[in-house]
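Here the structure of chain A is known, so what remains is to put chains B and C in place on it, guided by the hints.
Below are the chains, spelled out letter by letter.
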Amino acid sequence: MKVLMKGNEAVSEAAIRAGCKAFFGYPITPQNEIPEYMSQKMEASGGCFVQAESEVAAINMIYGAATTGTRVMTSSSSPGIALKQEGISFMCAADLPCLIVSVSRSGPGLAGILPSQGDYFQATRGGGNGDYFIPVYAPNGVQEATDFVQKAFDVAEKYRTPVMVLVDGMLGQMMEPVEFKKPVINEYDKSWVVGARSGRERNVINSLNLLPESLEQTNITRFRKYDEIIANETLFESTVADGDEVAVVAYGTPARIAVNSIEELRADGIKAGLIRPITLWPFPEAAFAKLPASVKHIVVVELSQGQMVQDVKLAVGGRLPVHFYGRCGGMVFESSEIAGQVKKIVRGE
Amino acid sequence: MGKVVYEKSKGLTDNPLSYCPGCLHGTIHKLVAESLVELEVLDRAVTVASVGCSVVAYQFFNCDAVQAAHGRAPAVATGIKRVSPDSIVFTYQGDGDLAAIGMAEIVHAAHRGENITVIFVNNGIYGMTGGQMAPTTLITQKTSTSPFGRKEATTGKPLKVSEMIAQIPSAYYIERVSAHTVPHLVKAKKAIKKAFENQIHGKGFSMVEVLSTCSIGWHMTPVESLSHVENSMMPYFPLGVYKDEGEVIS
Amino acid sequence: MTTRMVFSGFGGQGVLTLGQIIATIAMNQGKEVTWMPSYGPEMRGGTANCAVIVSDGPIGSPQVLVDIDVLCALNKPSIDKFLPKVRPGGMVLYNSSLITDALPRSDVDSVAVDATNIASAMGNLRVQNMVMIAGFLKATDLFSINEVKATLQDKFASNPSLLDINLAAIQQGM
Numbered sequence: 000m001k002v003l004m005k006g007n008e009a010v011s012e013a014a015i016r017a018g019c020k021a022f023f024g025y026p027i028t029p030q031n032e033i034p035e036y037m038s039q040k041m042e043a044s045g046g047c048f049v050q051a052e053s054e055v056a057a058i059n060m061i062y063g064a065a066t067t068g069t070r071v072m073t074s075s076s077s078p079g080i081a082l083k084q085e086g087i088s089f090m091c092a093a094d095l096p097c098l099i100v101s102v103s104r105s106g107p108g109l110a111g112i113l114p115s116q117g118d119y120f121q122a123t124r125g126g127g128n129g130d131y132f133i134p135v136y137a138p139n140g141v142q143e144a145t146d147f148v149q150k151a152f153d154v155a156e157k158y159r160t161p162v163m164v165l166v167d168g169m170l171g172q173m174m175e176p177v178e179f180k181k182p183v184i185n186e187y188d189k190s191w192v193v194g195a196r197s198g199r200e201r202n203v204i205n206s207l208n209l210l211p212e213s214l215e216q217t218n219i220t221r222f223r224k225y226d227e228i229i230a231n232e233t234l235f236e237s238t239v240a241d242g243d244e245v246a247v248v249a250y251g252t253p254a255r256i257a258v259n260s261i262e263e264l265r266a267d268g269i270k271a272g273l274i275r276p277i278t279l280w281p282f283p284e285a286a287f288a289k290l291p292a293s294v295k296h297i298v299v300v301e302l303s304q305g306q307m308v309q310d311v312k313l314a315v316g317g318r319l320p321v322h323f324y325g326r327c328g329g330m331v332f333e334s335s336e337i338a339g340q341v342k343k344i345v346r347g348e
Numbered sequence: 000m001g002k003v004v005y006e007k008s009k010g011l012t013d014n015p016l017s018y019c020p021g022c023l024h025g026t027i028h029k030l031v032a033e034s035l036v037e038l039e040v041l042d043r044a045v046t047v048a049s050v051g052c053s054v055v056a057y058q059f060f061n062c063d064a065v066q067a068a069h070g071r072a073p074a075v076a077t078g079i080k081r082v083s084p085d086s087i088v089f090t091y092q093g094d095g096d097l098a099a100i101g102m103a104e105i106v107h108a109a110h111r112g113e114n115i116t117v118i119f120v121n122n123g124i125y126g127m128t129g130g131q132m133a134p135t136t137l138i139t140q141k142t143s144t145s146p147f148g149r150k151e152a153t154t155g156k157p158l159k160v161s162e163m164i165a166q167i168p169s170a171y172y173i174e175r176v177s178a179h180t181v182p183h184l185v186k187a188k189k190a191i192k193k194a195f196e197n198q199i200h201g202k203g204f205s206m207v208e209v210l211s212t213c214s215i216g217w218h219m220t221p222v223e224s225l226s227h228v229e230n231s232m233m234p235y236f237p238l239g240v241y242k243d244e245g246e247v248i249s
Numbered sequence: 000m001t002t003r004m005v006f007s008g009f010g011g012q013g014v015l016t017l018g019q020i021i022a023t024i025a026m027n028q029g030k031e032v033t034w035m036p037s038y039g040p041e042m043r044g045g046t047a048n049c050a051v052i053v054s055d056g057p058i059g060s061p062q063v064l065v066d067i068d069v070l071c072a073l074n075k076p077s078i079d080k081f082l083p084k085v086r087p088g089g090m091v092l093y094n095s096s097l098i099t100d101a102l103p104r105s106d107v108d109s110v111a112v113d114a115t116n117i118a119s120a121m122g123n124l125r126v127q128n129m130v131m132i133a134g135f136l137k138a139t140d141l142f143s144i145n146e147v148k149a150t151l152q153d154k155f156a157s158n159p160s161l162l163d164i165n166l167a168a169i170q171q172g173m
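Protein chains in written order, with numbering that gives the first Met the number 0: chain A, 0 to 348; chain B, 0 to 249; chain C, 0 to 173.
Think of the hints as simulated: they come from the structure by calculation, not from any bench. Backbone N, C-alpha and C fix where the C-beta goes; we use that ideal spot for every residue, glycine too. Check each hint, because a few of them may be wrong.
[Unchecked claim] Covered by chain B, per the in silico footprint, the following chain A stretches (three or more residues, Cβ under 8 angstroms):
1) 81-94
2) 185-196
3) 284-291
[Stated by the list, open to error] Computed, partial: chain C to chain A, Cβ under 7 angstroms:
4) Thr23
5) Thr33
6) Pro36
7) Tyr38
8) Pro61
For reference, chain A alone in the conformation it holds in the complex (with noise of 0.2 angstroms):
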């Protein structure tokens, strides 16, 4: 049965389906529907719900919670994700699996509360230090962030990482019809886990490692855990078709305004395909391995100055044009405009 719901409040709902028993926050707009829900519903389900007292410490109770094997999420926007990057970094070093609702508002700085893809390389480069990636799901629709958000505690738990769900303020704050799947729950090796420990060795959860060829070890085994999560869990769709001139690309709600636009290019004789990276990281390099050859441009669109065009770029590697055409500050684009960019590009203006 489809229900009508908010982005903000379908992953709160999604998460406690899901099997979620924790969560740890701290009041930002345009993210407060979520830690609003989980204050009403995660008691009742038999979870526990803090508001921390800053996203540092919500992170760090999120590390404490994950360390006990429990599913715990925490959700915030553009600033507070940047204090939680110190705790993001120490959940990759320590391993420990956890999701992240990040919905982003405008930047740099304090800025504005109206949607925004600035965020882009805070999700897929992180700000914390040291070499490690995050998964990140950028979901178009209500519809997909619950399915994602389901899909990210199952894959934080397989790899042992803490997985992001990446939005904009509006496809938290708009509603549409939501279908809750039965989530996907295995079991995963848990003998790491602290508390309750009866009779088992002790474990030690940490990050700290002082000897130079260990530490080196630890990081390339965890670049092997990287490998996998590439070759298994990468996800992009393409509607890019031989005949196509124009190859479109965008993620998360903008994706929608491209399709619009596509529809607009079509029906003025300009044929084009949308190319949709829905993880983020690993990014989707095999979709621009085999465009076919009526392909002569890629126009990458982003409520930004320019983030995913560079993961664009590599992917392409010289063998195409890549256009781009971004608002930002919170400015959306309609599809017209994105259609009229693409119309100046095919006709060499």
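Below, chains B and C alone, put in the same frame as chain A:
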């Protein structure tokens, strides 16, 4: 076979202590370890190590351990205790970790009345990083970042953490003890054990501040350091129970 | 077939809820829908608005910035802001209690609903948004009164007295 009259606590691992000669961390570790064993909670204890000299505490306490980011141990302990309430969770933090970078985390763990135990070792200096000034460094005390002695005019007066945390309505038990003489260690042990008993009985937030030394950072012999605790630290940081919701303090 | 709607009014006039009810009715009809509020500081006390798109197929952008098919305006600022963005031949349902001037466009269809006055006469200003539903029933074929009733029955399942008040408000507007 002779009769065993003393043995190392089972609450400690066989890893050799890596602390400096004259350091009291090993002694304070022992008090904590003995308390966990005597209260029969070692197999459900989780220590949260902090950043500072005791960053390596996870090597020495013979229980599950989690190493936290600098200052965040009370938040990490909160996360563990909230989802694993049967665990006996304690942080072991120094003054740089707890009273500087981690002040928000300790204040709000107390504010929420988290049912955890905090062992706060106050030696008035950043030991691990090479003897820098801490919020608890005494006035005129020389450190590597107060080379002319701590000046009140530019750095304020030393922070009195137990007095401060005791003001928090939800804090349950706050006591300051010292580790510099055997009689003081006996009292310290009682306080630490009580702080764990409180947690076992679900009483809430307990913190024991232990005055300690740093011979290397203070540029003193171990014996001089012990006198320094008695003569310089104790007058500014008076020992005693600052809050005990279980007892009326007269 | 896609219908792009904007609901706008003062904060407290219930336009966000009205948009949600209409989106829910369409969802129950098996349509694709999106509901997108204006959010941020302007939702506190000033003008509130939301965009609702109803479609037979997948919906692209949830925003309705231009080419509005149906504008439901409960106050004068909403007319100033959104009437210029209604497509020629579009529909404007307006609260004639507060919007007393003639609409400054002749290329759109319009239906006046005396929503605030009717709600006031019923002694419950909070139902002025429901009175507007009567306008939809009179001027569009988006949904029937029975579909409205079914959706409201779900919404007020735990408080049937509210259901009666809201249905009565719609009846008064007819």
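Do the hints match the structure? See the list:
Residue count for the segment 81-94 of chain A with a Cβ under 8 angstroms from a Cβ of chain B: 4. That meets the three needed, and the coverage hint holds. Coverage of the segment 185-196 of chain A by chain B holds in this model, with 4 residues showing a Cβ closer than 8 angstroms to a Cβ of that chain against a need of three. For a cut-off of 8 angstroms, the count of residues in the segment 284-291 of chain A with a CB near a CB of chain B stands at 0, and the three-residue condition is violated. Interface restraint check for C:Thr23: the shortest CB-CB distance to chain A comes to about 5 angstroms, inside 7 angstroms, so the restraint holds.
Contact between C:Thr33 and chain A, as hinted, is supported at the beta carbon level, the nearest pair being about 5 angstroms apart and thus within 7 angstroms. At a threshold of 7 angstroms, the smallest CB-CB gap from C:Pro36 to chain A is about 6 angstroms, leaving the interface hint in force. For C:Tyr38, the interface hint holds, the least distance from its beta-carbon to any beta-carbon of chain A being 5 angstroms, beneath 7 angstroms. With 7 angstroms as the threshold, the beta carbon of C:Pro61 comes within range of chain A, its nearest partner Cβ sitting at about 5 angstroms, so the hint holds.
The structure is inconsistent with hint 3 alone, although it conforms to all the rest.
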